[in-house]
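Student: Listed here are the chains, written in short residue letters.
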Amino acid sequence: MKFSYQWLSELVEDLDIDAQELARRITLHTAESEGVEVHGTLLKGACPATVLSVEPIANSHNGKAEVETEAYGRKTLVCGAPNCREGLRTVYVPLGVKRVSGIDSDGMLASAAELGISGDDEGVLELEGELNLEADTIIEIDNKSLTHRPDLWGHYGMAREVAAVLGKPLVDPVSLEMLPQGPGAVGVEIREYGLCPRYTAQLFEGVKVGPSPLWLQYRLESIGLRTINNIVDVTNWILAELPQPTHAFDADKIRGRILVRRAEEGEKLLALNGEEYVLTAEDLVIADEGGAIAIAGVIGGKDSAIGPETTRVVFESANFHASAVRKTSARLKLRTDASMRFEKAQDPHNTLRAIARAAELFELVSPGVVAVGGPTDVHGELAAAPVIPLDLGWLKRKLGREIEKQEVIGILERLAFGVADEGEALAVTVPSWRATKDISIPDDLVEEVGRMVGYETIPPVAPAMPVTPPPVNLERRFYNELRGVASQQGFTEVYNYSFVSEAQAARLGVPVEGHVRVLNPIASDQGLLRTTLLHGVLKNFEENRKHFDEFRFFEIGKEIHKQPEGLPRELGHLVAGLYAHGGDGVAGLRELQRLARAMAPGMRFEPTAEVRAYEHPLRSVNVYLGEALVGRIFEFHPRWMEEGRAAVLDLNLGPLACAMAGIAKQYQPVRRYPASEFDLSVLAGERTFAGTVEKALGSARGEAVERIEFLTEYELPDGRRSLSFRVTVARQDRTLTQEEISAQREAMIGAIREAGFELR
Amino acid sequence: MIGRIEELAGQTLGRVREAGTPEELEAVRVEVLGRKGSLAEFGKLMGKLSPEERVAAGKALNSAKTSLEAAYELKKTAFESAALEARLAREWVDLTMPPPGIVPGSLHPLTRIQNEIESLFFSMGFAALDGPEVETEFHNFDALNIPPDHPARDMQDTFWLEGGHLLRTHTSPVQVRGMQRLGPPLRMIAPGRVFRNEEVDPSHEHTFYQLEGMMVDREVSIAHLLYFMKTLLGGIFGREVTVRLRPGFFPFVEPGFELDIQCMVCGGEGCPVCKHSGWVELLPCGLVHPNVLRAGGINPDEYGGFAFGLGLTRLVMMRYLIDDIRWLQSGDLRFLKQF
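From first to last, the protein sequence lines stand for chains C and F. Each residue of the first sequence is one higher than the one before, starting from 1 at the first, in the numbering used here. Each residue of the second sequence is one higher than the one before, starting from 1 at the first, in the numbering used here.
Keep in mind the hints are simulated off the structure, nothing from the lab. Each residue gets a CB set at the ideal place from its N, CA and C atoms; glycine is no exception. Heads up, some of the hints might be wrong.
[Unchecked claim] Cβ-to-Cβ under 8 Å is the rule here; a few derived chain F residues that face chain C:
| id | residue |
| --- | --- |
| 1 | Thr-66 |
| 2 | Gly-105 |
| 3 | Ser-106 |
[Said to hold, decoys possible] Some chain C residues near chain F, calculated using beta-carbon distances under 8 Å:
| id | residue |
| --- | --- |
| 4 | His-148 |
| 5 | Pro-463 |
| 6 | Thr-468 |
| 7 | Asn-544 |
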């Protein structure tokens, strides 16, 4: 929202700080300023001038003009404007001498656009009367910080804040004596007061439509509103001032009385912007006997618009329900200056003030205009001003500092609250323009007092509270431990996005139905939420191998799985990736196994029959901790990773955390009696897993077996493998006898043979 | 006999001193000082001497033995020292060469800053909580005093999902979950990933990180909020910071503030970093709105609280002077290995 410094200074008496300082004060006490900017820079030093003569310049579309300026005497300059002609009264801007088209051009003649008066840049300004405009400064206020303040969407509301902050008198631009008197000349019916609490309309006759005077055009242009014609410009002025949105209909194009009703399903309206809108029964329209003539609070219809031939105007000043306007404007994707204000919940008491203001301004822009009768003012029951009790002791406890009662009363009264002193508490009456949504509870008043007295006056104070250790977030701690291990093992942490495309899902063969779908994705290729972190891993491989021959990375993130009902399941996963441009890939897989064991030394690897298309068919293994399946290690299939070797560890952190929590962390007494060891070398087939042999050995594990360790493998000329294991046996209470050791050894040899292996 | 002993001693002393190798020295020792050596032979002959002669010969034998042993030890030590010197001289290692083996990886800068801030809060008694990334409309909006069709919903462009769910637009929904879980009084933070439907450019991301903080107790004032914010930011920046509060609108707090810190680049004088205002906007905060306390099952007549939201992504960019937000989720190891 843009605020004109000139406008504000008309509404605050004796405004004696500059725009920059004003913006700072507004930021500290009311709403965030995004900066100040000068508008109409060229007006500095500009003056009216009359063109005395124009001569063409050879080989140029420009002309050489002699002008008589009011402030700088006669000047010669070059002008390319098509309307530059002898006798034209326009505006001269002194810019110094510049060589243009071979002529020394001293200053320039300016267009309305160059001067900041309007968007008109077709030619130089054709000036009638005086040029009573000065450069203005525009303060831009962040719209988000005005979301809760319907009153601050106009200059009068902001002027009230400024006056309160600076302790200056506020000037009300409305004089209610200007309100036309007499019976209403416009027929109005409201069907649902819930959607339209108030509709006020005034008929004006003797209107002459034409361009607005320059001061009006300039003011609107300065705050980013376009000039249309004198009548429409007045509605915009009032919108930017009071800030009551209003609308002007051509009275001769309205058939019968005005009806405020819900649209019929499928009802159409050709709007002022040239678009045709199809409405639903959710939308509120202004209609006449022939159909909709405006979408309530959003936009007017083209057929009833003010045109050059308009002489009678129905001026609408109404109040519409905030949510209803917002819904309609959101559905139609049509945000207008009016809808933006209505959706903040405007003050229904403001409609008559806007009529009075319109009567005054119409007289200025279209002299001779006549109000016919008085306003037609239809409304339901309007809410009484709420009264909020404010306990002064409570106020002090909320602010953290004491404020004198008189100061509290003064602050509230300057902001137009009514205050009754009830001793320990105040009874505070909320002004109507703050009562629609903004202020309803005592906490809202804490803000009013706090921001006016200035938060910088509150000293920081340590609270008195018990010192207690907070509960530990075990999951976060666990994740951080894993991060530490992974990074120490050489893996660098990455963060990947949660969004994936259908093509990505298809590429890994993940069923699309299992994904949660984004209804309004930022791009069509980001329409699903990831059900695996592998999409990111694949991308990380592909991107980084452009720069590195070998690299390692990991991510901890959430898989999001759709559920038949309720919120999706979010599963924490850790993925680690290792890429090597050369080599046979074995080392990488081994390293990932080592990483898994670094996280939990008890991790086991078991072959799996489950085939996934993107995995190397002979290079994948399930990872177990205890009996729990906690993850998988695999190498990407060459079809997914054409060059180099890309190995992946994927851990499901929920089950892993459970399995780790289940591991007893109790001390075992150190043995006092010596242990014995014996080695067994087993002959196994070409692709027999060491794990299978170890299992066979384990099946004959007696009480005394402390551990079974894999030692080495050795390949025989016939392709068979010799796998050696070392078995350690011992007892806590005595030394084992040679017979006991032999018995254990024999038992294991028996088990091996039973499993179909031979001893070497 | 004494003469022969002395003669042997004299000869042997010369051989010991002249021994060229440890082996040569050892041979002399065995020959003369050994159990069957020449001196031992003299010992055997002692019995045949008269008592007088025996005393004199014994003295001569002992003295020869002592002096030979001393000479032997001296020479042996000299050989050992020389051997050690020689070994040391051979064992030159170029320790300026980088070590082989694993080069540690690094943690993501967002992880680093999260951990740092989490431990800071933990030390001040704040529990760290998590919430889901996919949220209900209730937790993300309604419970935070943002009813449907409230214009405040425009402040956060939302990714809507099937089933009426959404990707959380802020970490604030954890406020309500936290209140329900912990009950009053409580102190909590909730760091995490949040989503806004925004076009990505060097300073905007649709996926970024926030940290929500909340304290609920019998009496909580703006003065307390200021105290915690000053302490926290002093901890983060490692020095005292000057903060200021100014009005800010967030439906889940009342009153609501924007907290600015005095620009650390110019010290408040005004520079391009603070857009010449002397202040940098850092975090939104406020006293918890009674409706939010109610949604969390806490009676606002008995308890009050403050809440704040810290933009972790922004903090990371400030700390490491990162000029393009897209690096953070690029997965590009050229960037990430720097941390």
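Student: Which earlier hints can't be squared with this structure?
Tutor: 1
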